[in-house]
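Trainee: From first to last, the protein sequence lines are chains A and B. My numbering puts the first residue of the first sequence at 55, with every later residue one more than the last. My numbering puts the first residue of the second sequence at 55, with every later residue one more than the last.
It does not matter which identical chain is meant; a pair holds if it fits inside one copy or across any two.
Here are the computed lysine to any residue pairs in the SDA-like style, where the Cα-Cα straight-line distance is at most 20 Å:
| hint | residue 1 | residue 2 |
| --- | --- | --- |
| 1 | LYS187 | SER311 |
| 2 | LYS187 | ALA171 |
| 3 | LYS187 | GLY312 |
| 4 | LYS187 | ALA167 |
It is worth saying that the hints were derived from the structure and are not from the lab.
2 protein chains.
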Amino acid sequence: MTGTTGTGVRDTATLLQLVESELAPTLADGALSTDPDVLESYSRDEALFCPADGAVALVRATTVADVQATLRFASAYRIPVVPQGARSGISGGANAVPGCLLLSVERMSRILAVDVAERSVTVEPGVINQDLKNAVAEHGLSYPPDPGSVAISSIGGNVATNAGGLCCVKYGVTKDYVRRLTVVLADGTLATLGTGTAKGVAGLDLRGLFVGSEGTLGVIVEITLRLVPLLPEPLTAVATFTDERSAAATVADFMASGAQPSMLESLDRTTLRLLNEYGDFGLDDRAGAMLLMQSDGSGNRAAALAEVESFTARAEANGALDTGYSEDTADNEALVATRRLAQPAYERYAQAHGGGQLLDDICLPRARMPEFYDGLDRVRATSGLTIAVVAHAGDGNIHPSVFFDARDPADVERAERAFEEIMRLGLELGGTITGEHGVGYLKREWLPRELDEGNRRLHRAVKEALDPDGILNPGKMFADL
Amino acid sequence: MTGTTGTGVRDTATLLQLVESELAPTLADGALSTDPDVLESYSRDEALFCPADGAVALVRATTVADVQATLRFASAYRIPVVPQGARSGISGGANAVPGCLLLSVERMSRILAVDVAERSVTVEPGVINQDLKNAVAEHGLSYPPDPGSVAISSIGGNVATNAGGLCCVKYGVTKDYVRRLTVVLADGTLATLGTGTAKGVAGLDLRGLFVGSEGTLGVIVEITLRLVPLLPEPLTAVATFTDERSAAATVADFMASGAQPSMLESLDRTTLRLLNEYGDFGLDDRAGAMLLMQSDGSGNRAAALAEVESFTARAEANGALDTGYSEDTADNEALVATRRLAQPAYERYAQAHGGGQLLDDICLPRARMPEFYDGLDRVRATSGLTIAVVAHAGDGNIHPSVFFDARDPADVERAERAFEEIMRLGLELGGTITGEHGVGYLKREWLPRELDEGNRRLHRAVKEALDPDGILNPGKMFADL
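Using the sequences plus the hints, can you model the full thing?
Mentor: This is the structure:
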């Protein structure tokens, strides 16, 4: 059984003594903390329903040497290590496990080099995504991936989870931008994976293996990313519909037509209502669904306009209530900003209704989305719960939020069941249980249902080969394979 | 030591008897051949200087079951298996090893499904790249990767080597298009890796691990590829220079300006001369270098024209002898066709000069290309050999061809040394020993020089985990790690 907690030393007092006597002297000053309040504040990410207890110490690494020293120590005594970035994840991947060392790289946040001719940037893992975007923009370059957490999540965490976002429908996900990684392995060995060049096939793609590995194979300490020329300013179009099925059918039609939108998001009736309750956005919440689409025409205004018109025509053919677009930059930015406020609006609603929100993340073939909404109505009916949906619809990546009263155990159970029914529906429709949020702790029981036995065997074999003592982020992703 | 020949049965007669008695009954009719002439013709790819002897039998699989049966049998008796596609590779990756079964998937060549809304295609591995392109074009879709072997190489081989081509500078390489793989593991187990959806992060990216794994981890039996809308027709520009350094500097300047050419190739003086000797192309072979650039403006003619003009302006600023472009489709296609004839022209020249040509494949940071040409002049001076160069210059991916008299052992040795000096130069300039041709047999001794010890250890661990008996394509890629 891989992925189990491989702790060789189980007594906290002994562990603490070892940390002070053997680990502390090998770390930079101020890197180590065993203060219970500090540990508590670093023990969890943004996930619900995931245990996060039992951290023994926190290492806030400032150098690669700190990371190596921590893993050498942890490996020698088989102490679990939980790698952490900005702890903005929502699957519990950065949560403490009993008897663990928390290993944060948030202080390793330097941008090391921007290479304009090569269109690449080399950074430490703690750099915040938006800070990276800003830094490379000064050189006329873009780093496209834009998860919802763009303002707070770190590049290391983005790589460790293969983060997505709104731009993926045209510009791809994090893995499409990672050229080279330096990682520290379970025993403290440093390894450089991939190449800094545009192409390279020397050996296995181990770089890719670490992208999305959620801290289970090693700790990422340096990252070279491919960049692209500054993204052109897009036009933004909106269409409203009586129901989600018409919106979903529009998405499938539009994408089948060869369109290349730089954003294609959907918001359901409940989301529109909660947004209007949250702020003065004037969204048409009598509508059953809204699509928000952007086209940058790859830099050509006329092409963008043609694509926008193709979109509105297809929306109208699918019975849209209303369509429109704006050439005004401020209008466009306001619309996208409103979309990005769906999560704060959800939080406000949850706080007023017992505090519970479970955010799901499935990805389907685009053409199956109408069936998904039929299934979701059944989940709503069975659970009796409010479920709001935003989706990166152009990619078939759907985020239903299940709201519940966290003080009512029966409601919590209903919510957990609804959350699971949504994953089941995703699998039934040929999709995946997670499009971009990752497995972490939250979905570890569901991973075996998606992967076939051959794939599960490969996972176990790779994990055992790279982390034979199972000290790296145990109890997460692999725990039930 | 991994990657060694793990043969448990060493006597050919015994092996043949086992093949006939135990393997043959489990295969489709006609799949098995032990005819020496057939074995001889299937024992090698297009590489030079790579051993290719000792194949015991050939399985031409027509179904997944044939592949599974072969690997179950091979695993039980620890018999080496060499997976093969079209055998168009040039690194010896498909060459026979002593006592092996050759396992060809060329007959598994069905296109299983095209999904227009999802923009994906699912194929068997034996489909020829150009046939796939033609089939999806009927649905208004493109599969961009276009290795030089596009007309003869199979998608399975393209995936197994992560093939590149001319379009990569804008459209990426094979790995950027692989969504899902079905593979047969060393013991015959079937595993499905990745997801058919646009996004997905459920578990490790094992799909990516198999892309470029050159038959060392398993046999690819089904592939789902992402497609894009039909590529727009490009404009083509040409610039000639007195020397390669000016051409290389133009490439670095142009790419640093934010350009997005859909092709950016360079041809050196010798290549221009050999092309003119091969056919009536009227290339200016008094020039020391030529750049051939295409821009599709992402579908916008004005943008393409602007990019072409930006290119010619930069070429002139770098002292171009002549620049020009054509809006005529036939002219454009003729120029690209001429570029694609460099290899036949090389072959003609080699045949007339002792038969030897070693084609190298390094990739550098673009800005280091002028230094590379300085170094290459030193290799020319030291070796006294003719070395011609074509390059996917926009990616820094350089293909020097070393010509020699294959009948003269001293010349052969000089050529092998020059070939190695080119790889050494690539590594010194921050590049890789192979941008797109792969390691195979030809470069296995050089792989350890590129990878650091941590990376080598990871390679060994992954190989041991997935192929514990070392039966999959032994003696190749991993042999010297």
